[in-house]
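Here's the letter readout for the chains.
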Amino acid sequence: NAGVMQNPRHLVRRRGQEARLRCSPMKGHSHVYWYRQLPEEGLKFMVYLQKENIIDESGMPKERFSAEFPKEGPSILRIQQVVRGDSAAYFCASSPIRGANGNTIYFGEGSWLTVV
Amino acid sequence: KQEVTQIPAALSVPEGENLVLNCSFTDSAIYNLQWFRQDPGKGLTSLLLIQSSQREQTSGRLNASLDKSSGRSTLYIAASQPGDSATYLCAGEGSQGNLIFGKGTKLSVKP
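Quick mapping for you: the protein sequence lines, in order, are chains A and B.
Residue numbering for the first sequence follows this note's numbering, starting at -18 and increasing by one per position.
Residue numbering for the second sequence follows this note's numbering, starting at 10 and increasing by one per position.
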């Protein structure tokens, strides 16, 4: 059973370009979370999705950021018109049911975005 | 608003020492509390999950406790080894299942 798969692992974008980060949850997991880890900062929750639904996006910046989890395929975190402050590690996590609720939540290896 | 604080921010110990990492949270209405390990440039590995109705969990040389009334959790590592060197993260679960993380304690165990 493969773990949570994220790609790309490393991504370099120029200011103003778009960044697309992909996450395939563990098999059987229908709940996906995205977190961002800025340099020297803790991980911050961004968005919680189930298949075809955004459940909680309270941690998403209001502009330029969007997320989806289609019926088929991976979850996508999309950042439009990137700025240097978007440089961070973006982690995806998945779980089989809502929240941890006693079930361990599994994290991917992260996608490191560098904006130059 | 839930906030999670971890003390100390960094810790360096000689191999073989027992050590305690501390985590405090402001809202006692957390659902669960998890401890993770993060190696440089890597993702997070779950170490221990304490459900809200539990007081502690143990796995090998690790023991984590949870005291919701005082808003504290501790991670105890026995007989530390150089391979334990990593950043340890504490996270409380919010109402939607999202995790609220502390900034972590960076542990270095010297041979």
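The hints are simulated quantities; they were obtained by calculation from the structure and are not laboratory data.
Treat each hint with caution, since some may be false.
Distance windows between CB atoms, simulated [said to hold, decoys possible]:
#, chain 1, residue 1, chain 2, residue 2, range
1, A, K43, B, D76, 33 to 39 Å
2, A, K25, B, Y85, 26 to 32 Å
3, A, P77, B, Y85, 27 to 33 Å
Some chain A residues close to chain B (C-beta under 10 Å, calculated; not the full set) [said to hold, decoys possible]:
#, residue
4, G(-16)
5, I36
6, F46
7, V64
8, F72
9, T85
10, G91
Not close to chain A: a few residues of chain B, all C-beta gaps over 10 Å, as computed [unchecked claim]:
#, residue
11, P23
12, S33
13, Q43
14, K51
15, T54
16, S55
17, L58
18, D76
19, R81
20, Q90
21, D93
22, N107
23, I109
24, G113
25, K119
All residues carry an ideal CB built from backbone N, CA and C; glycine is no exception.
Hints versus structure:
A hinted range of 33 to 39 Å for the beta carbons of K43/A and D76/B is consistent with their spacing of about 37 Å. Distance hint check: the CB atoms of K25/A and Y85/B are about 27 Å apart, consistent with the given range 26 to 32 Å. In this structure the supplied range 27 to 33 Å holds for P77/A paired with Y85/B, their Cβ-Cβ distance being about 29 Å. Checking G(-16)/A against chain B: minimum C-beta separation of about 9 Å stays under 10 Å; hint holds.
Given hint, I36/A at the interface with chain B, holds; its Cβ is 7 Å from that chain's nearest Cβ, closer than 10 Å. Restraint check, F46/A versus chain B: the minimum CB separation of about 16 Å is more than 10 Å; hint violated. For V64/A, the shortest C-beta to C-beta distance to chain B is roughly 23 Å, which exceeds 10 Å, and the interface hint is violated. Contact between F72/A and chain B, as hinted, is supported at the beta carbon level, the nearest pair being about 6 Å apart and thus within 10 Å.
Interface restraint check: T85/A against chain B, minimum CB-CB distance 5 Å, threshold 10 Å, status holds. Checking G91/A against chain B: minimum C-beta separation of about 5 Å stays under 10 Å; hint holds. At roughly 27 Å, the least C-beta separation between P23/B and chain A is larger than 10 Å, which holds for a residue marked as non-interface. Every CB of chain A lies more than 10 Å from the CB of S33/B, the least distance being 14 Å, so the non-interface label holds.
Some Cβ of chain A comes within 10 Å of the Cβ of Q43/B; the nearest lies about 7 Å off, and the non-interface call is violated. Against the 10 Å criterion, K51/B falls within the reach of chain A, whose nearest CB is about 6 Å from its own CB. Here T54/B does not stay apart from chain A, with its beta-carbon only about 8 Å from theirs, under the 10 Å limit. Not every Cβ of chain A is farther than 10 Å from the Cβ of S55/B; the closest lies at roughly 5 Å, contradicting the non-interface assignment.
At roughly 6 Å, the least C-beta separation between L58/B and chain A is not larger than 10 Å, which violates its mark as non-interface. Distance to chain A confirms D76/B as a non-interface residue, since its nearest Cβ pair spans about 19 Å, more than 10 Å. Even its closest Cβ contact with chain A, about 18 Å, leaves R81/B beyond 10 Å, as expected for a residue assigned away from the interface. The Cβ of Q90/B lies farther than 10 Å from every Cβ of chain A, with a closest approach of about 23 Å, so its non-interface assignment holds.
Remark: the non-interface label on D93/B is consistent with the geometry, its nearest Cβ contact in chain A lying 19 Å away (cut-off 10 Å). The claim that N107/B is not at the interface with chain A is violated, since a C-beta of that chain comes within 10 Å of its own (minimum 4 Å). A Cβ of chain A approaches the Cβ of I109/B within 10 Å, the least distance being about 7 Å, so the stated non-interface status is violated. With a minimum CB-CB distance of about 6 Å to chain A, G113/B fails to clear the 10 Å threshold, and the non-interface call is violated.
The non-interface label for K119/B is consistent with chain A: the shortest C-beta to C-beta separation is roughly 23 Å, beyond 10 Å.
Hints 6, 7, 13, 14, 15, 16, 17, 22, 23, 24, counting from the list given before, are not met by this structure.
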